[in-house]
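Engineer: As they're listed, the protein sequences go chains A and B.
Mapping the first sequence onto this note's numbering, position 350 (from 1) lands on 340, and the numbers just tick up by one.
For any residue, its number in this note's numbering is found by taking its place in the second sequence, counting from 1, and adding 8.
The set of hints was computed from the structure by calculation and includes no laboratory data.
Predicted model, so just to flag it, every value in this text is computed and none were measured.
Hints may be right or wrong, so weigh each one.
Unchecked claim - Pairs of lysine-lysine residues, derived as DSSO-like cross-links and limited to a Cα-Cα distance of at most 30 angstroms, are as follows:
no.: 1; chain 1: A; residue 1: K366; chain 2: A; residue 2: K316
no.: 2; chain 1: A; residue 1: K119; chain 2: A; residue 2: K108
no.: 3; chain 1: A; residue 1: K251; chain 2: A; residue 2: K114
no.: 4; chain 1: A; residue 1: K353; chain 2: B; residue 2: K258
no.: 5; chain 1: A; residue 1: K251; chain 2: B; residue 2: K258
no.: 6; chain 1: A; residue 1: K318; chain 2: A; residue 2: K251
no.: 7; chain 1: A; residue 1: K119; chain 2: B; residue 2: K258
no.: 8; chain 1: A; residue 1: K316; chain 2: A; residue 2: K251
no.: 9; chain 1: B; residue 1: K258; chain 2: A; residue 2: K108
no.: 10; chain 1: A; residue 1: K21; chain 2: A; residue 2: K11
no.: 11; chain 1: A; residue 1: K79; chain 2: A; residue 2: K108
no.: 12; chain 1: A; residue 1: K353; chain 2: A; residue 2: K316
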Amino acid sequence: MSATNTTQSNDQASRTILLDKVTKHYPGQLKPAVDGLMLEIPAGKIVMLVGPSGCGKTTTLKMINRLIEPTSGRIMLGDEDVTDLDGDKLRRRMGYVIQAGGLFPHMTVAANIAIVPKMLGWSKDAISKRIDELLDLVSLDPALYRDRYPKELSGGQQQRVGVARALAAEPPVLLMDEPFGAVDPITRQRLQDELIRIQEEVQKTIVFVTHDFDEAVKLGDLIVIFGEDGQIVQYDSPERILAQPANDFVADFIGAGAGLKQLTLARVRDVQLADPVTASPGEKGADVLARVQQTNHDYVVITDGRGRPISWLSRRQLSRLDTIDKSKNPDLPLVAEGSTLNDALDAMLASRLGAALVTNRSKALVGMITFDIVMKSINQLRADVQTADDESPVGTNTGSPEVSEVPND
Amino acid sequence: MIDTPRREVAASGTTGRSLIIQLAAILLALAAFAIWVATANLSSTERATLNSSALLAYTGEHLALTFVSIIIVLTITIPLGILLTRRPFVRASGTILAIANFGQAAPIIGLVVLLAFWLGFTFWTAVVALVAYAALPVLRNTMIGIQSVDAQLVEAGRGMGMSATSVLLRVELPLAVPVMLSGIRTALVLVVGSATLATFIGAGGLGLLITTGVNLFLPSVLVSGALLVALLALFIDWLGRVFEHYARPKGL
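The whole structure should be built from the sequences, with the hints applied where relevant.
Structural biologist: Here you go:
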């Protein structure tokens, strides 16, 4: 299983969640909404529950914190059986984030975040310190935002406070119910990136419900795909689901462009980049041209004193220059190391050079990415999935005992 | 940050101004009335009825009727309204609302007189009639106020581990306050107006001026009574609005 954060005390460390043959049968309905679900959610991972509406994904999530009481089955949190624990007490140990943040409009940001710590009897100082810490974590300036009311925040900011509130008492588990469903696409993307960053820091076990498969691919370490009748159709890593959909339903659900979606899984920093020829302002045009010809390149990247690319010149442009000047081209195709291959491809397509420059955090040039490199890494990704013999956690729907075996594909 | 925060300057400025205008108008009308009483050429009967200590006594009775009724209304209907929004009791809400509706739909004058034959011609009979009459707006607004709290917020509260009671006290009720207050204000104004009818069963109040004016054909007394009741109603409404203005939870 994954490495848990060992520096934290026992309750704060992320924990594995195990749903053991959990069934929910709503009164008055013929078929159970969730039937004999066996699902293991490994500690410290983000597990995405996706599927069409009414597939039982939200019911499954709410049974974990018992907002919905399961009809039968056990729920384990680490080694602890929490099925019969007092629901309110259990929920105080699990962060819960809903659409649009669910902030209480009559309480300030600070008061919203303080709710769970207060119920747990934290001291005033500890709570106040924690509020500042959390606002920093979600990139909101505490001095500016502590005392604001939710209506004085944008949708994206409200959602961030919602995440901060859920993390307030350091729960080992974070449950998110379509949290980013109500924000505009640009904000949603930013919140997703933010969540990835926060997760790197806090390493919680996160269960995330969404109906957006792209969101699942982007955020998930693992994805559970539910079918229309509440059955788990596939439970696997995004890479493997994209490369080997379990059946037509999953293939349909992934939709067109599975190949393109795979590009969102690999990051620029993970691929072998090409080394462009570089030069600095002040060098002689002819010298640089000679260097470019020697190395069989067509272009040269001009970088400033701190290694930041300022322009990208062709042989033709070089031959016309006496000395290289400092003029800056604002339209350079730049991508960050942390960007996905999808972003890189987008930048390449937008540039007329069919390549993009990769920069690090301080915007200095680290290399160049080309179509060839992207193609190669896709092939590599596919090959990896074929040979990978990586153990998947349990996730099935039968009530039979042999499900504890690792399914192999 | 692209998603810029919306700092809203609440429209409280306009509310504040309208509150001041309302109070000024009431005081102005009252002053005009006082000047008229002092200077007008009134008969001795009229003067006896409209002397200031008598007017104060009628107003006192009127206010006593109003506030005793309202306090009883609040103590009955607010808990009842809350109860009727809790899951086990939701089914009863239709019946209870129908009864409250009947209380309001029945003509208050008939209610007062009929009750008097049953309960006697007293202050408390008038109070019972007024309570029946004013219960509906408070009951209905309490229920609507709570029901209109976003279900997502209730779920967020439960999802964080707040008990049902804690969600009620810390989320649902505070958010329902504005709607509840406007129901209470409506009830207050209804009661001030209707308390005029208490005079028919000898329970006092400013209505006495009106009946006296009618019975003895003294138009100045009749008009004075009507004016004072109207001003009192407007003043009570003003008090309610001031209270609403300050009791409204911040952030809404």
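Engineer: None of the hints should be skipped; say for each whether it holds.
Structural biologist: Going through the hints against the structure:
no.: 1; hint: A:K366 <-> A:K316; in the structure: 35 angstroms, violated
no.: 2; hint: A:K119 <-> A:K108; in the structure: 13 angstroms, holds
no.: 3; hint: A:K251 <-> A:K114; in the structure: 47 angstroms, violated
no.: 4; hint: A:K353 <-> B:K258; in the structure: 44 angstroms, violated
no.: 5; hint: A:K251 <-> B:K258; in the structure: 46 angstroms, violated
no.: 6; hint: A:K318 <-> A:K251; in the structure: 34 angstroms, violated
no.: 7; hint: A:K119 <-> B:K258; in the structure: 24 angstroms, holds
no.: 8; hint: A:K316 <-> A:K251; in the structure: 39 angstroms, violated
no.: 9; hint: B:K258 <-> A:K108; in the structure: 21 angstroms, holds
no.: 10; hint: A:K21 <-> A:K11; in the structure: 16 angstroms, holds
no.: 11; hint: A:K79 <-> A:K108; in the structure: 13 angstroms, holds
no.: 12; hint: A:K353 <-> A:K316; in the structure: 17 angstroms, holds
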